[in-house]
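> Residue strings, one per chain:
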Amino acid sequence: MEDTAVIVAFYVLAILTLGSALMVATVRDLVHAVLFLVLSFVGVAGLYITLSADFVAVVQVLIYVGAISVLMLFAILLTPRSGRDNASVSYSAPIGALAGLIGATIIFVGLKTDWAKAEGGNNFETTAAEIGRALLDPYVIPFEVASVLLVVAMLGAILLVRPGGGGEPG
Amino acid sequence: MIDLEHVLVVAALLFSIGLFVALSKRSAIGILMGIELMLNSVNLNLIGFARFVESPRPIDGQVFSVFVITVAAAEAAVALALAVSVYRLRESIDVDRLNILKW
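Chains A and B are the protein sequences, given in the same order. Per the numbering used here: the first sequence = residues 1 to 170. Per the numbering used here: the second sequence = residues 1 to 103.
For reference, chain B alone in the conformation it holds in the complex (with noise of 0.2 Å):
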């Protein structure tokens, strides 16, 4: 039988690696990458948690995972928007040389 607290276990692993790629990686695309990640193990829970916990109405994690789904989409284009326009702008899209909002 799985339980809930291996979901938790996997999902919060999950987050520690999206956490560190999203905050040690120079490549903006690299930083999107991991906060996808973290998303995933956000939605992992609210999956496992659906299946698990006692509730009036369990099906509410699931549909509260496809809107985090939709949010995690639109972001997704934007940001990527974003990197090709700053990559326009600077060549380049390492974050670390990104200092034109700097003054």
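Bound-form chain A, shown alone (with noise of 0.2 Å):
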């Protein structure tokens, strides 16, 4: 019974995520396409949920429904001249005949591919607790070199916006 619900939520998200991407790539105003972007990772962090990830559901939340959307939306605001047209394309029918052709390869492999599956999928009891374990046992380094990369980032980003900074003609 309780597979039944886990299966439904699946397709219901996976409508969701897959429909709000498509409003992203349709919707004329810049700003309502954000909001169908926040729309979409909300959806895919359903999705995580129903793959039994509830950490990364967690962190997919805080950063890109929490800040990545609203850096979007600041981006936005802080270039009003530019306006918010979000339907001019440039090259719509070529790109999308190349980005069908390349999905449907990814299905292609995807659905022909013999995985190595386990016997009734791996149930995580908890995903927290070993998530952390790993990053500081076998993934130490990139766990450091990920918060090296955090802070040039940051860095860099204050840079370029400063007044005076590398937006600055001459």
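Everything labelled a hint here was simulated from the structure, so no lab data went into it. Predicted model, so just to flag it, every value in this text is computed and none were measured. Keep in mind that the hints are not guaranteed to be accurate.
Unchecked claim - In silico EDC-like pairs for lysine to aspartate or glutamate, Cα to Cα no more than 20 Å straight-line:
hint, chain 1, residue 1, chain 2, residue 2
1, A, K117, B, E5
2, A, K117, B, D3
3, A, K117, A, D3
4, B, K102, B, E91
5, A, K117, B, E54
Stated by the list, open to error - Covered stretches of chain B (chain A as the covering partner; in silico rule of three or more C-beta atoms under 8 Å from a C-beta of chain A):
hint, stretch
6, 39–48
7, 59–67
8, 85–97
Said to hold, decoys possible - Now the in silico label distances, taken between C-beta atoms and shown as ranges:
hint, chain 1, residue 1, chain 2, residue 2, range
9, B, L101, A, L136, 38 to 46 Å
10, A, I102, B, V78, 23 to 31 Å
11, B, V95, A, S147, 25 to 33 Å
Idealized CB from N, CA, C, for every residue including glycine.
The task is to assemble the complex, starting from two chains supplied on their own in separate frames and drawing on the hints.
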């Protein structure tokens, strides 16, 4: 019974995610596109929960829904004269054909490959504790490098938008 | 029962929508939105493999997706700072008109 609920939730969330991603591609106002992008991110977070990845779902809501979308809205508000036109696209027919072809190829490979599936799937009891142990034992070097990367990106972003920084001509 | 293939199909569709958005939009912020959609689909794949594929340490897929989210956050911050910076220079973030690096 619980299984059926998870399956229904998976398909509803998949339709929500893909539908709002399509709206991002088609809606005319850039602010509306960002709001549909937020809806798509929430749908992906729900998909993570149906795939028993609760910690990553929370991180997704915090970082994508909370931070990146607000950053995008501020970037739109800080560039007022460039317009909010999301409808102007270039070469939409060939790019659409290319994207469809690549998507069809990925689906074909995904369905044809004989994946080494675990019996009944891996059911995680708690993911946060295991992810924490994995981050501090086998992946400690990438973890430290990620912190350095965040500091560098933060300093770079501040330097670029600072008055007299990278954006000033001359 | 959700199967690995269902996750892969959803992620592939999300990836192709993101690819279309990233390649066809003229606004730099629109391109960034497409890139974020593609990164999300990759994360969905990683989580799906962590859930369904035989592995000595299945949590690795989720750890990788945490790293991908970290890099995506850094990339979004720098890209939006670049967009604001370019806007100050040209009063536009239309990438078709950004040809100051030509010649």
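> None of the hints should be skipped; say for each whether it holds.
Hint-by-hint comparison with the structure:
{"no.": "1", "hint": "A/K117 <-> B/E5", "verdict": "holds (11 Å)"}
{"no.": "2", "hint": "A/K117 <-> B/D3", "verdict": "holds (10 Å)"}
{"no.": "3", "hint": "A/K117 <-> A/D3", "verdict": "holds (19 Å)"}
{"no.": "4", "hint": "B/K102 <-> B/E91", "verdict": "holds (18 Å)"}
{"no.": "5", "hint": "A/K117 <-> B/E54", "verdict": "holds (5 Å)"}
{"no.": "6", "hint": "39–48", "verdict": "holds (count 5)"}
{"no.": "7", "hint": "59–67", "verdict": "holds (count 7)"}
{"no.": "8", "hint": "85–97", "verdict": "holds (count 10)"}
{"no.": "9", "hint": "B/L101 <-> A/L136: 38 to 46 Å", "verdict": "holds (43 Å)"}
{"no.": "10", "hint": "A/I102 <-> B/V78: 23 to 31 Å", "verdict": "holds (26 Å)"}
{"no.": "11", "hint": "B/V95 <-> A/S147: 25 to 33 Å", "verdict": "holds (31 Å)"}
Going through the hint list in order, the structure satisfies each hint without exception.
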